[in-house]
Structures are given as C-alpha cells and as structure tokens.
Amino acid sequence: MSSTPVQDAMADMSLEESNPTRSASCEYTSHLQKSALGKGDTDDNVLFGIHRKNLQTSTGVFPPAEFSPDGEVVQLSEDAETLEILFQFVYPRRHPTLLETPFLILAKVSEAAEKYQVFAAMNICNIRMEWVALPRFPVEVLNYAAKHGYPNLVEAAVPCLLDMPMEIVVQKLSDSLVVPWVVFRQRWSNVVLKFVRTPIEGTNFQGQNGSKSCRYGCVHGGGLIGDIWQILDERRSLNAVIGAYAMLKPPCAHITINTVELRAKLSAELGAIPAFSP
Numbered sequence: 001m002s003s004t005p006v007q008d009a010m011a012d013m014s015l016e017e018s019n020p021t022r023s024a025s026c027e028y029t030s031h032l033q034k035s036a037l038g039k040g041d042t043d044d045n046v047l048f049g050i051h052r053k054n055l056q057t058s059t060g061v062f063p064p065a066e067f068s069p070d071g072e073v074v075q076l077s078e079d080a081e082t083l084e085i086l087f088q089f090v091y092p093r094r095h096p097t098l099l100e101t102p103f104l105i106l107a108k109v110s111e112a113a114e115k116y117q118v119f120a121a122m123n124i125c126n127i128r129m130e131w132v133a134l135p136r137f138p139v140e141v142l143n144y145a146a147k148h149g150y151p152n153l154v155e156a157a158v159p160c161l162l163d164m165p166m167e168i169v170v171q172k173l174s175d176s177l178v179v180p181w182v183v184f185r186q187r188w189s190n191v192v193l194k195f196v197r198t199p200i201e202g203t204n205f206q207g208q209n210g211s212k213s214c215r216y217g218c219v220h221g222g223g224l225i226g227d228i229w230q231i232l233d234e235r236r237s238l239n240a241v242i243g244a245y246a247m248l249k250p251p252c253a254h255i256t257i258n259t260v261e262l263r264a265k266l267s268a269e270l271g272a273i274p275a276f277s278p
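Under our numbering, the first residue of the sequence shown carries the number 1, and numbering increases by one thereafter.
Errors might be hidden in some of the hints.
In the EDC-like style, the derived pairs of lysine to aspartate or glutamate whose C-alpha atoms are separated by at most 16 Å in a straight line are [to be verified]: (1) K147 / E114; (2) K115 / E78; (3) K194 / E269; (4) K108 / E84; (5) K108 / E81; (6) K115 / D79; (7) K147 / D175; (8) K108 / E78; (9) K249 / E269; (10) K147 / E111; (11) K108 / E155; (12) K147 / E130.
Everything labelled a hint here was simulated from the structure, so no lab data went into it.
With the sequences and hints as input, model every part of the structure.
In structure tokens:
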C-alpha cells in the first residue's frame, strides 16, 4: 500500500525527532565526531548523527558549506558530554532546563553554544548563568558575559566582584579584563572611602578633646568610621556599604542612621563613575 503525503510527513517528523546521539545514517545526516576522554583515561570515539536540516534551521554555524549532503564526519574539539547536551537543542522537543547542571558542564555547554551559535542553547545558558551560576561563580560569569557580549549580565556581575578580594578577582579574570577592572574598582573605592569618611548628619559638632558630639551636646567616641570599615572588610558594593551602616549602633538617642537616605546619596555619587566596560 502506498503511503499518503500525511504519512510521509509524519515519518519524516519521527526521523527528525529521533535521539541525535543515536541517529542512523541517512541523506539528511551530517556526522560529527569527537574523541572524548572516557573512564580509565582511554580515548573513546563518539559519533553523533545530527540531521542536516536541524543544523541549518537551529544554528548559525552548522553545517559549513563544505559539508557534503551524503554525510561527512567532522572532528569537533568539545567533549562528548558537552555535545550530547548541546545537540538536544537543535531538535523540536522540550530542551534541557540545565537547572541541575554542574557549573563546569554548564560553562562548557555555554561556550559551545556560542561557538556554534545554537540559539536555543545560547538563550537558556545565558539565563542559567545569571540566575543559577552568578552567586557562586561571579568572576567566571563575568568572563563569559564580557566575551560573548551580554552587557546586562556584566552589569549584574559587577556588585558580586566588588565584594570579593581584589587578588582573587584578578587571578580569575580574563587577561583583557584585568586593567579595566582594577581602574573601575579603584574609582569605586575612592567614592566609598570619601562617603564613609563624611560624618553622619548630626555628628559633626566638635566637642572636647577632638571628640564628636550631637547638637544636643552628647559626646560621641568618634568610632563610627572605624566600625564601618571593620564590618566592610574588603567588600565595596552599594549593598555592602549600606548594610554596614544598618548594623551600626547609633552613638546616642538623638542620632538616627537613615539607611534609605544614605543609599540614595551614595547611589547618586557612585552613578557618576563610568560604568565598568570590558
């Protein structure tokens, strides 16, 4: 019995939705091979059969013009684990969420997605980098965002780096980002230093022996600045600075530490600094 056009279309759809790591050879398939490191430090040759039609419609790089339509083996540099995840994004099905994916694997998939322009994977990797990876791996996320042109993610990563020791950040940053980051952080730190050294309103009345007093004559020990720096340590983000003020005990009953006003004032001063630009 001859098949109908609908049956033919359904059969073709079934073929297109087959597992990309186990596809049989056919005229629509391009073969992508990777020599991956397997258990026992032995080399395993992993062959991925990916339908050419899917590569054409779902990626910006695959397949290269030199691919022959009858199936050609092309060597890829990524490991098999990375490619197996990546190639799931070129098929019309529910894609991996990558929510539980360890960061090292997520990072490799993200790089491969950008390299081969697998658009669906690029999008989900960018989201996971910000909402899952950023709190724990801020420097690595900044490197990724700067390399691949995600300015919103760069902006989101900056406060995290401001709360890290400079030495650790510089060690992990891409070489091209080190100087811009050092310059930016120094400018930021200078503004924070000036802000912290400015007495809180109501404490700038000179008392006996160089101590500070409020307008009602209560003598203050003058240790507020030192307390703030002790709380901050090497942290310099806006939230960290205002958080330090929130932890202070007012020197007397006449002084109120208004963190809302302090945040607005410091935010305006920091806003005058040129944004970090990779």
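**Item:** Structure versus earlier hints - violations, ascending order
**Value:** Structure breaks hints 9, 11.
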